[in-house]
Structure formats: C-alpha cells, structure tokens
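Please build the complex by placing chain B on the supplied structure of chain A, with the hints as guidance.
Listed in order, the protein sequences are those of chains A and B. Be aware that the first sequence starts at 1275, since it is given in our numbering, and climbs by one per residue. Be aware that the second sequence starts at 1275, since it is given in our numbering, and climbs by one per residue.
One or more of the hints may lead you astray.
Restricting the straight-line Cα-Cα distance to at most 30 Å, the calculated cross-link-like pairs of lysine-lysine (DSS-like) are [to be verified]:
hint: 1; chain 1: B; residue 1: Lys1394; chain 2: A; residue 2: Lys1400
hint: 2; chain 1: B; residue 1: Lys1521; chain 2: A; residue 2: Lys1394
hint: 3; chain 1: B; residue 1: Lys1521; chain 2: A; residue 2: Lys1484
hint: 4; chain 1: A; residue 1: Lys1457; chain 2: A; residue 2: Lys1484
hint: 5; chain 1: B; residue 1: Lys1416; chain 2: B; residue 2: Lys1446
hint: 6; chain 1: A; residue 1: Lys1333; chain 2: B; residue 2: Lys1499
hint: 7; chain 1: B; residue 1: Lys1394; chain 2: A; residue 2: Lys1333
hint: 8; chain 1: B; residue 1: Lys1521; chain 2: B; residue 2: Lys1303
hint: 9; chain 1: A; residue 1: Lys1521; chain 2: B; residue 2: Lys1461
hint: 10; chain 1: B; residue 1: Lys1333; chain 2: B; residue 2: Lys1521
hint: 11; chain 1: A; residue 1: Lys1453; chain 2: B; residue 2: Lys1499
hint: 12; chain 1: B; residue 1: Lys1521; chain 2: A; residue 2: Lys1400
hint: 13; chain 1: B; residue 1: Lys1333; chain 2: A; residue 2: Lys1453
hint: 14; chain 1: A; residue 1: Lys1394; chain 2: B; residue 2: Lys1484
hint: 15; chain 1: B; residue 1: Lys1394; chain 2: B; residue 2: Lys1453
hint: 16; chain 1: B; residue 1: Lys1400; chain 2: A; residue 2: Lys1499
hint: 17; chain 1: A; residue 1: Lys1333; chain 2: B; residue 2: Lys1461
hint: 18; chain 1: A; residue 1: Lys1394; chain 2: B; residue 2: Lys1499
hint: 19; chain 1: B; residue 1: Lys1446; chain 2: B; residue 2: Lys1394
hint: 20; chain 1: B; residue 1: Lys1521; chain 2: B; residue 2: Lys1350
hint: 21; chain 1: B; residue 1: Lys1333; chain 2: A; residue 2: Lys1446
hint: 22; chain 1: B; residue 1: Lys1457; chain 2: A; residue 2: Lys1499
Simulated from the structure, these hints should not be mistaken for laboratory data. Owing to the predicted nature of the structure, the values given are computational and were not obtained by experimental measurement.
Protein chains: 2
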Amino acid sequence: MRCTDHPIVPGHEIVGVAEEVGMNINGIKVGDRLGVGTYVNSGRDCEFCEERLKIHCSKGAVFTFNGVDVDGSITKGGYFTFIVVHHRYCYRILENYPLESAAPLLCAGITVYRPMIHHKMSQLGKSLEVIGLGGLGHMAVKFGKAFGLNITVFSTSINKKEEAFSLLGADKFVVSSDKEEIKALAKSLDFIIGTASGNHLFDPYIEVLKMGGVLVLVGYPGELKLESFHLLRGMKTATSSASGGTKMTQ
Amino acid sequence: MRCTDHPIVPGHEIVGVAEEVGMNINGIKVGDRLGVGTYVNSGRDCEFCEERLKIHCSKGAVFTFNGVDVDGSITKGGYFTFIVVHHRYCYRILENYPLESAAPLLCAGITVYRPMIHHKMSQLGKSLEVIGLGGLGHMAVKFGKAFGLNITVFSTSINKKEEAFSLLGADKFVVSSDKEEIKALAKSLDFIIGTASGNHLFDPYIEVLKMGGVLVLVGYPGELKLESFHLLRGMKTATSSASGGTKMTQ
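Looking at chain A on its own, in the form it has when it is part of the complex:
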C-alpha cells in the first residue's frame, strides 16, 4: 500500500491506496482505498486474535509505529511512504469518504468508540463528560454528539473553550481547576471519558457521576488513586480501554 499521496497523520495510523495485492487475497484489489490502524501484526492464533481483538494478542501485537515485527524490523507507521502489511490489519475506506477523515478513526476514533459502545454510552439524552480536548477528546465529543449525548468538556485551558463550542458543538465547558463549578455538577453526569495523561485527581470526577456512572480512562494518567467510598456510595465504575478490535474498527 502506497501512502505517498496521503501521509496525512504521520504516526500510528496510515491511509493510502493499494498498489500491489498478494495472491489469494479476497476483498482487496489494486487501487482500493485502505487504512492501517495501530497494529500491523499479532500471533494470529490466540483467543484475542480469533475474536478480532488482536491488540490484546497474548504474544503481543506489533504496533504500526516503533514496533518490532517478527523479522526484527522496526515499524515506521505513517512516517514511511509505503507499507507492506497483511490483509488482516487493513481496513476498507468507503469511496468518497475523505482519507484525512478516516485516518483519525483508526487510532483515536476506535479508542474512544469501543468503550462508548461497550458501556452503552450511545443512549440519546444521556450526559457525557470528556476530560481533555486533544486527539482522543475531540473524537469523544464528536461521537457523543452523534449519539445525541449532552457533552461537558473539562480542560485545564480556557483556550479550548471556543473550539469546544464552535467547532465541536459541546454543550458545556468547565476549566478543571474551577472547584466550585465541579462541585455544582455533583451527581449530575452519566459517563466520563478521561483522555488526560499524567497524574491528576480522580475523586472530583467520580463525584460528578450519577449513581451507576462510569469513568473510562483512555489516556495514561499513571496512578489511579481515589477514595473507594466514592465508588461504593453510588455503585460507580472506573475502567479503561485501549484501541479496539479489527471488526469494530472496520
């Protein structure tokens, strides 16, 4: 697959056009528009590979960028101009769907989409808090709006406010350091997607969840530390998710 024309998001995911196709490969032909997500190889014989959750392969999935493949080569991800990859790790991109729009779906998109579906966040009228407005946060807000959720964006920076409202259509914006405003939101939200990395407090976020509320960490915030009573009192959940399976990504 040659991605010279479209090295749009250099890094973990790749979009481009199939230039050559191996023998006996059904469903892909030269000229097809394809994408490659966060991994380009896996053991292919464990339960997770069978369930198309290759990212959790027991032998370890090979990441698209800076991974070590079975032949010892280091993967270059979107920094290279072409990629030779097994068809199991390719996704078809619909005609007329912009490649530059498809690319983020293959990493940030699936990373937030999987837990949103798994934890039933696609319920019209429910409320979602998105912590952090980087790549993952953007995708979480966009999916949330598409599901009909009421979205509150939490960010450390007031500079993200305009973007949250005008570009992404968020319903509310809170600066994370504003303790009063966070307190006023107590027990009012159904779900949280936490995209922020680096150590931060979790108790204030757990407190804004309604009974049965779910906090999903998709960033890597280091140590998760919270008062267990905050989970107990409202039967709340803290969980995490990394990327997603090939079936759901497609």
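Relative to chain A, chain B alone:
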C-alpha cells in the same frame, strides 16, 4: 414484627414473625414470617426509591441499625426484640426456609448478589476470586458455587483454608501474602469480589484478572490505588456496590 424468638443475627438485619399489621396493607398478615434488611426508611419519592433502589435514596436511606429515623429515634436493628416498620422495607420469607438462613441474605447476601448479577458473574464455568472470608466472603463463595463458578479464595490467614474447602467447597485457596502463587495466577481469572476492608494493594489483584475482568469492591478498603496501565492493558474494570434494591432482595 416481633423478633424475640429469632434475634439470630443481631445487627443490621432482622427476621421474625408479623404480630400486627397496619390497615390496608396487602400481602402481609399476622403470623407471616418476615425479614428486614439494612434500611427501614427512605424519602420514597426520588428516582431510586421508585426503582426500588432505596439504599441510594437522594434524601438518604435510614439504616436498620444506628440510623436516625424521621422522628429522631435511633434504630436498634436486631438488638431489639421487635420492630415497627413500613411494609415497603419488609421481605417475605418462604415457609420452611430457616429464618437463620434468611437473615444473612438480607445484608451480606444481597451485597454480593447484586454486583454478581449486574456484572454477569452467574456464568457457569467462569472463575471468581473472593478476597476475604468473613460474612461477605462466605456469601460470595456460596453464590459462586451455586452459579457453577470456579472459586479461588484469597485470605490473609491460612486458618481459613479448611473452612474454604470443607464448609464452602472452594476450588483453590491462596494466602494473600504468597506473592509467588499470586504471580502464577496472572491473567487467569474472570472476576474478583473484594470483601476486605482496610488499606491494601490492588495491583496484584488486577494482575490476576483476564482481559475484560471485573473487580468489585463490597468492603470498604479506604483508598483505591492502582497503576492505571493495569486497567488499560486488559480493559479491566474496578467498581463497587453497596447492598441492593428491595425487588432484588426479595
């Protein structure tokens, strides 16, 4: 309800026989065998009361023991010889079902049963780790065996081993301080019910969970502190639960 004959488990729950019944109360008559669980009152008009999850009443449920009722009286739970209680907080106990067996179901029983059902732990052949073998732990093992789960008991004391195997039918017993044995269990279990109170490490327990595994805290271990990567790597969940609703308790 007079419980003079059966103050079997003094404390949070009560079992006994109805001595007088208020007017216009359907479904309960004098002589009926009844139980009262962990709460004897609630606001009765919030969403949680409507959903029979009165323990999470927004005005605060009144605990059966050492609670302050609307008239200012302090509740005495099973330490008293009788109780006057609204029928919404009474449970029918089947004829021939021993009252002493019903009593623990009304507190420890529902506390572990609710999250076991909610998190789909009743799947034949799945594996459950029970941390701690006190009142809650006993009930978790008994429900787990009834559901056909493979049960591993973790306890700080080797003295619980005989009880775990002979009395409760556990399949495996591990002393919590045995780091080697815990390490050998890595990624092997589906669910954990954590009944231990007091601060303890959580990372070793999260590590024994398979991908998608769930840790439910039903004790009160103070601060929950774990490496978020341990949740992320296997899409694992930490959650908590307190008692349960009247419908499920019944």
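Status of the hints after comparison with the structure:
Restraint check for Lys1394 of chain B and Lys1400 of chain A: satisfied, since their Cα atoms lie roughly 23 Å apart, inside the 30 Å limit. A C-alpha spacing of about 24 Å is found between Lys1521 of chain B and Lys1394 of chain A, which places the hinted pair at or below 30 Å, so the restraint holds. For the given pair, Lys1521 of chain B sits about 21 Å from Lys1484 of chain A by alpha-carbon distance, which is consistent with the 30 Å threshold. Taken as a hint, the Lys1457 of chain A and Lys1484 of chain A pair is honoured in the structure, with Cα atoms around 13 Å apart against an allowance of 30 Å.
Distance hint between Lys1416 of chain B and Lys1446 of chain B is fulfilled; the C-alpha atoms sit about 14 Å from each other, no more than 30 Å. Distance restraint check for Lys1333 of chain A and Lys1499 of chain B: the Cα-Cα separation of roughly 28 Å lies within the 30 Å cut-off, and the hinted pair is therefore satisfied. Taking the CA atoms of Lys1394 of chain B and Lys1333 of chain A, the gap is near 28 Å; set against the 30 Å cutoff, the hint holds. For the hint linking Lys1521 of chain B to Lys1303 of chain B, the alpha-carbon distance of about 20 Å falls within 30 Å, and the restraint holds.
Restraint check for Lys1521 of chain A and Lys1461 of chain B: satisfied, since their Cα atoms lie roughly 24 Å apart, inside the 30 Å limit. For the given pair, Lys1333 of chain B sits about 20 Å from Lys1521 of chain B by alpha-carbon distance, which is consistent with the 30 Å threshold. The hinted pair formed by Lys1453 of chain A and Lys1499 of chain B meets the criterion: a straight-line CA distance of about 23 Å does not exceed 30 Å. Proposed proximity of Lys1521 of chain B and Lys1400 of chain A is supported: the alpha carbons are some 25 Å apart, at most 30 Å.
Taken as a hint, the Lys1333 of chain B and Lys1453 of chain A pair is honoured in the structure, with Cα atoms around 24 Å apart against an allowance of 30 Å. At most 30 Å may separate the alpha-carbon atoms for a hinted pair to count; Lys1394 of chain A and Lys1484 of chain B meet this at roughly 22 Å. Of the pairs offered as hints, the one joining Lys1394 of chain B and Lys1453 of chain B holds, with about 29 Å between alpha carbons and a cut-off of 30 Å not exceeded. Using a Cα cut-off of 30 Å, the hinted pair Lys1400 of chain B and Lys1499 of chain A holds, with the two alpha carbons roughly 29 Å apart.
Straight-line distance between C-alpha atoms of Lys1333 of chain A and Lys1461 of chain B comes to about 13 Å, which keeps the hinted pair within the 30 Å bound. At most 30 Å may separate the alpha-carbon atoms for a hinted pair to count; Lys1394 of chain A and Lys1499 of chain B meet this at roughly 26 Å. Under the criterion of a C-alpha separation no larger than 30 Å, the hint pairing Lys1446 of chain B with Lys1394 of chain B is consistent with the structure, at around 21 Å. Between Lys1521 of chain B and Lys1350 of chain B, the direct Cα distance comes to roughly 24 Å. Compliance with the 30 Å bound is thereby established for this hinted pair.
Of the pairs offered as hints, the one joining Lys1333 of chain B and Lys1446 of chain A holds, with about 28 Å between alpha carbons and a cut-off of 30 Å not exceeded. Between Lys1457 of chain B and Lys1499 of chain A, the direct Cα distance comes to roughly 23 Å. Compliance with the 30 Å bound is thereby established for this hinted pair.
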